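Colleague: As a plain string of letters, each chain reads:
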Amino acid sequence: MSYKEALNKLVEEGLLNVFGEIKPNRKVYSFDWSKIRELFTKLIDLVGVEGFYVSTIIGTDLINDGTIRLDYYVVFLPEEETVVFRTFLPRESPEIDSLVDIVPGVLAGECEAYDLLGIVFKGNPALKRGFFVPKDVYEKGIYPLRKDAKV
Amino acid sequence: MAVTKVVEIPYTLEIPVGPQHPALHEPLLLKVYADGEEVVKVEVYTGYNHRGIEKLAEKNSFYRNIFIVGRVCGICNNVHANCYVRALEQILGIEPNNRAKYLRVLAMELERIHSHMLINAVMAEMIGFESLFMNIMLDRERIMKAKEILTGNRVVGDYMMVGGVRRDINDEKRDKLIKILDKTEERIKYYKNVFMEDDTILKRLVDVGILTKTDVVKYAIIGPPARASGVKIDARASDKYDAYGEIPFNVITRKEGDVWARMILRWDEALESINMCKYILEKLPSDGNPVPDEKRLPRRFPPCEAFTRVEAPRGELTYYVMSDGKPMPYRVKIRTPSVNNILNTAHVYLGHTIADIPVILASWDPCISCMERVTVLDLITGERKRIHLKELARRREKWVNPRYSI
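From first to last, the protein sequence lines stand for chains A and B.
Residue numbers 1 to 151, in this note's numbering, belong to the letters of the first sequence in order.
Residue numbers 152 to 557, in this note's numbering, belong to the letters of the second sequence in order.
No lab work stands behind these hints: they were computed from the structure.
Computed from a predicted structure; not experimentally measured.
Where is the CB? At the ideal position from N, CA and C, for every residue including glycine.
Everything hinted at is true.
Only part of the chain B face toward chain A is listed, based on derived beta-carbon distances under 7 Å: (1) LYS206; (2) GLN241; (3) ILE384; (4) THR469.
Here are the simulated lysine-lysine pairs, BS3-like style, with alpha carbons at most 27 Å apart: (5) A:LYS4 - B:LYS364; (6) B:LYS206 - A:LYS147; (7) B:LYS477 - B:LYS446; (8) A:LYS4 - A:LYS23; (9) A:LYS23 - B:LYS477; (10) B:LYS383 - A:LYS4; (11) B:LYS383 - B:LYS369; (12) A:LYS35 - A:LYS9; (13) B:LYS391 - B:LYS406; (14) B:LYS206 - A:LYS150; (15) A:LYS4 - B:LYS369; (16) A:LYS128 - B:LYS206; (17) A:LYS122 - B:LYS369; (18) B:LYS210 - A:LYS140; (19) A:LYS42 - A:LYS27; (20) A:LYS135 - A:LYS150; (21) B:LYS446 - A:LYS23; (22) A:LYS9 - B:LYS369; (23) B:LYS296 - B:LYS334; (24) B:LYS391 - B:LYS429; (25) B:LYS391 - A:LYS23; (26) B:LYS354 - B:LYS343; (27) A:LYS27 - B:LYS369; (28) B:LYS369 - B:LYS391; (29) B:LYS477 - A:LYS147; (30) A:LYS23 - B:LYS210; (31) B:LYS429 - B:LYS383; (32) A:LYS135 - B:LYS210; (33) A:LYS150 - B:LYS210; (34) B:LYS434 - B:LYS327; (35) B:LYS296 - B:LYS340; (36) B:LYS434 - B:LYS334; (37) B:LYS340 - B:LYS330; (38) B:LYS206 - A:LYS122; (39) B:LYS206 - A:LYS135.
With the hints as constraints, model all of the structure from the sequences given.
Modeller: Shown next, in the form of structure tokens:
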């Protein structure tokens, strides 16, 4: 199945919603954070393990909205088309299921997002403070990329 | 609870190498656990050189950040600056003229040539072929000179700017560059032959560190290691940014997937880049001044998000820039190719011998090797039992940190 058909199917099933676009021409779909594993399991079923890879995970602290936005940049192969899966987590307790056992390529992205923004990926055994952040910063319990963090 | 067992780990057998080590070219610690000669587990430790550039970018203006991102990486500073500048151009809706686009590609391809030469030289050093290392590095200097002619500096060029490039070239410079490229092409062909025919190199690199096509996609490996395993991914071909849509080039792939294939692929890509550079210099468009007037550039950035990709010498590099309408970016996210290629490849070393470790490491960059063996002493029966690390690694949930072993 082509990636476009797969995305349409996921939209039909209610796992994805059309959200907008990031320049240049990157389609953005939103999803419910509690259904992330279901979403990616279904995606693997539809396009196969060799059909996509997660290029990067980008967390953004939207302090005025009280949320942390989490974007999964998925590159579909062989077209190499980048599509964004977007979700919003509550800023006070940003938690989401880890994908590390079904999409191992997210390991670095999850570890980084935890260390810099404090997003907990439940089920990832490698999460650890100090992955990137120096000891003097993480010992104070600071997540440097939070907007209220002063480093 | 009473202690019943003591696990003795002889400290003499644990040799932590890194984050600073002659064989390690990055501030990174890799711990290799070996059962005799066989590697059974690899752990990757990072965090030795985090400079907080993303946070720094949020505290500086959009334009000042061009100089900050150019210093993320010394080797591929132009691709970093290009990726960021193109994100700004997307936000502002500006497009540089064709001459500027061609010159940008020229700067980036020169970077690819010297980066590929460098890593091949490092590989020669890793396998003890020091004279080859020195020869390649000597020829690499020619490309550094070419970069200096084009950008004004042999390493950090600061060549990219919103709407164009900082310097134009004249006919005299063009002729000099073509001469340098001709000489270097000859040398690269020679080095490629050495890597194809030399017995020592073949014995050390062939069938080592094989990465399958499925693993490449599953573990999000990108760049030359992915292409050497038969996965045709290249942001230049798919995104066709700047002038890549107009300049003819081949995306080179190989099927072998081993260390040797990665190195040969880099030589082939360097040759392809030389052809691209020559094409650019011969067909350089003259549709205006590629250097925009800095004073006329827009000062206000509208609220917008941009995500740009670039094919850096080591693979896909991405920049995400978010503007909320204020003078400084709300968020800048950089994802370098090494993050994926180094952190997600711990499984490739398993089953190889310790002597293969530096070779596999050099095929993505860093290097480390160490060995460890464990004795378990049962305090109740007094029995001493030697457990191979291979077995211990299987029970790693209980014994050793399961970091990165998926």
